[in-house]
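Quick mapping for you: the protein sequence lines, in order, are chains P, X and G.
Letter by letter, the first sequence follows residues 235 to 523 of this note's numbering.
Letter by letter, the second sequence follows residues 1445 to 1679 of this note's numbering.
Letter by letter, the third sequence follows residues 6 to 319 of this note's numbering.
Simulated from the structure, these hints should not be mistaken for laboratory data.
Some hints here could point you the wrong way.
[Stated by the list, open to error] Derived DSSO-like pairs (lysine-lysine); straight-line CA-CA distance at most 30 angstroms: (1) X:K1452 / X:K1623; (2) X:K1568 / X:K1640; (3) G:K122 / P:K499; (4) X:K1532 / G:K194.
Fair warning: this is a prediction, and the values are worked out from it, not measured in the lab.
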Amino acid sequence: MTDILQLLVYGLVLGSVLTMGAIGVSMIFGILRFAHFAHGDFMTLGAYLGLSFISAFGLSSWWALPAAMVGMAAVAVFIDQVLYRRIRRTQPVILLIASFGMALILRSLVQLIWGSDNQTYASGIQFPWRLDWLGGLRLKPDHLWIMLISLGLVASVHLFLTRTRLGKAMRAMSDNMDLALVSGIPAERVIMVTWVIGGALAAAAGVFLGIDTRLHPMMGWTTLLPVFAAAILGGIGRPYGAIAGGMIIGVSMEMSTLLIPAAYKPAVAFAIMVGMLILRPQGIFKGTV
Amino acid sequence: MSSLLEAKGLYGGYGGADILQGTNLRVETDEIVVIVGPNGAGKSTAMKAVFGLLRIREGEVLYRGEAITNAKPEQMVRRGIAYVPQEKNVFPSLTVRENLEMGAYLMKGDLSKRLDKVYTLFPKLAERRRQQAGLMSGGERQMVAMGRALMIDPQLLMLDEPTAGLSPLLIDETFERIKEINAQGIGVLMVEQNAKQALSIASRGYVLATGSNRHEDTGPNLLANPEVAEMFLGG
Amino acid sequence: MELTGIASYLVSFLTFAGVYAVLALGLNMQWGFTGQFNIGIAGFFAVGAYTSAILTTPSSPAYLGGFGMPFLIGLLGAVIASTVLGLVVGLITARLRTDYLAIASIGIAEMVRLFVKNEDWLTNGVRGIAGIDRPLAGIALDSSFAYLVIVALFVAGVYFLVERAYASPWGRVLRAIRENEPATAAAGKSIAGFRLQAFVLGSAIMGLGGGLYAHFFGFLSPEAFMPLYGTFLVWVMLIAGGSGNNRGAILGAIVVWGVWSGTDLLTGLLPSEHATQAAALRVLLIGVLLQVILVLRPEGILPEKPPKLIAKKR
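If we strip away everything but chain P, and leave its shape as in the complex, we get:
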């Protein structure tokens, strides 16, 4: 029983990471109509930006988070302006190819700048709390923080989307691009904000992964598949669905280790995704198809 509870905690931690990535993927899809294949490498680059920041100023691990989010938001907007914007008027699938190429560019940049070895934010092992009232469940402080901060970020995104003019405009554009233009909603500004949020959340996912495990140039690419699975499960183009999708995929992946070798964790995400594509391609909640 404690085992299952323990895996549930790990699953929720992983789910938090996936949710951060999936919200961005979902939003970018909603506004720009393409699956952003560089999102995993956004996570990687964000994590490394955080690493450079804390080592430059000698700060503790968690300072990597704000630095990475700000840095990656800027990088995302930059990439959009330099590359994606130029090919936006052609078919969305060209953007898909470009983002795939961008994934490799970012990854090789990370390898060039930071090298290919594993790195960590902080050395040493963190001792978990033992929660006797929960059957001796072990909970690392870092894990608790990852879950709480994700919750906070999700709530902020929610408030932004429902309470601010720009957030509502973003939902409007995702709903009906033509009508948004006709209403005078400035598309380019909304697109820019989409990249700011997408980039910042991807960076958060990257830092969470880095704090939970380690930093590696492939860390984002190998997480991309579960992130997409989460976005599809939630209904691609639906940021709220992405939260549910992220948690379901994260928990399923961790729970699966009870039954199958841990190396096949990504296969679980993939299997859920394929099942979803067959049975209900519009997502659990109806997505933009």
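Starting from the known structure of chain P, fit chains X and G onto it as the hints suggest.
Just chains X and G, lined up with the frame of chain P:
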């Protein structure tokens, strides 16, 4: 004194052959102007061209005497021109109120006065302000769409087939609302399939065929014109 | 000595380019003809390569088989295995929009890689399969040049096949689907059916490419099937050469393989302690090359020149 809107000799289309073949349109401040014509005559195309949604290759559009040819929709809205497309004219996942807010995205300051004005015209929208627009009936959605356009306090309201797919009762009501809107001093330019009814409330009408003007006259005169009657009004 | 060195480099270069040309022709079937976005090329490539390796190598206790079969049986097996995989993926995705296929296809490639890496009984895991012979091994005719000729024959054969398919009524329907799906559906064509056929045929060709690779390189390990080598280069090749144009696909394979090999010579000048950096730099350059092509010349070196459709649809 220049007209509210004047389009002269428009040529253009969706990138291929020109659909508009020298279309002319004019709307005065106090008018309801109706464009009728057979399917494929370029009625909706003409509206979109005027609003800057497709490229005008030749000809010009004047708004209060100022050239706005091929201006972006955003600039049209800033000048006080609002446009309601025929289909997909609401944001389905947004609430009624949010739909209206999006109409006034470019307007600065407090929106409550603008909202009140729309709610007065369409009391039903006030009742349903928290409902998702996508879950509403066709008639209600049309109200949301018109309400959204009115949020900028437009000088010119452009409607593309506002009664398409509505029941006869709702069609009557829609035309009543359009008359009320016009009575507030807003010029209306609309494309309509229900030619007979539309022309009966129109100040003037245009009959388009294959992208160019076939007839232009006051509403009653067009209704009385036997050629027009035979062509489009089903005798 | 110098001359033979250059000659053998050239033979090896052209053989690689030939293998990639086969993959690019397979992708052209899927993307160029039908607009299906497969970025799991590495998966089909790997399945083809491993199938042929297992079928043709001498018996080994370390992995399944080998069965010591002849080269052509190995290739046939490669084609059949990748056809089956293509059929499974295609059946799931033929009805879905491009983005879902793209996502599903990286999933497939990743699953194949995980499987190859972890199922030692079948593939010998990370230790890989060695000793995959060239088809003429043991005969006097055997040489790397002879294998180049064999690869070239396969490229020519595949080219002939896909070119025929492209010009046929079947190919016309594929292009019609790509250009205007609703109109083609309205004309009574089963969109999903045609898509599936093109996808499976493309997958089969990729499997063949995998088989050819196995017998050229002689050694297989999961590392060879990282998304980069299998998938990304093939995409750059097809887009650079000209999507939809079979000659463009072959030309793109030669040109891009040339650029890729050229960057190897270039980064080879760096001191050896920077070897990993050098590899990353090469990928970076190829990635930038792709973006430049997409922005400046998305139609490629040889743009598609479709035979006239009877009624041009708008």
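Next on the checklist: Tell me the numbers of any earlier hints that the structure contravenes, in ascending order.
Outcome noted: none
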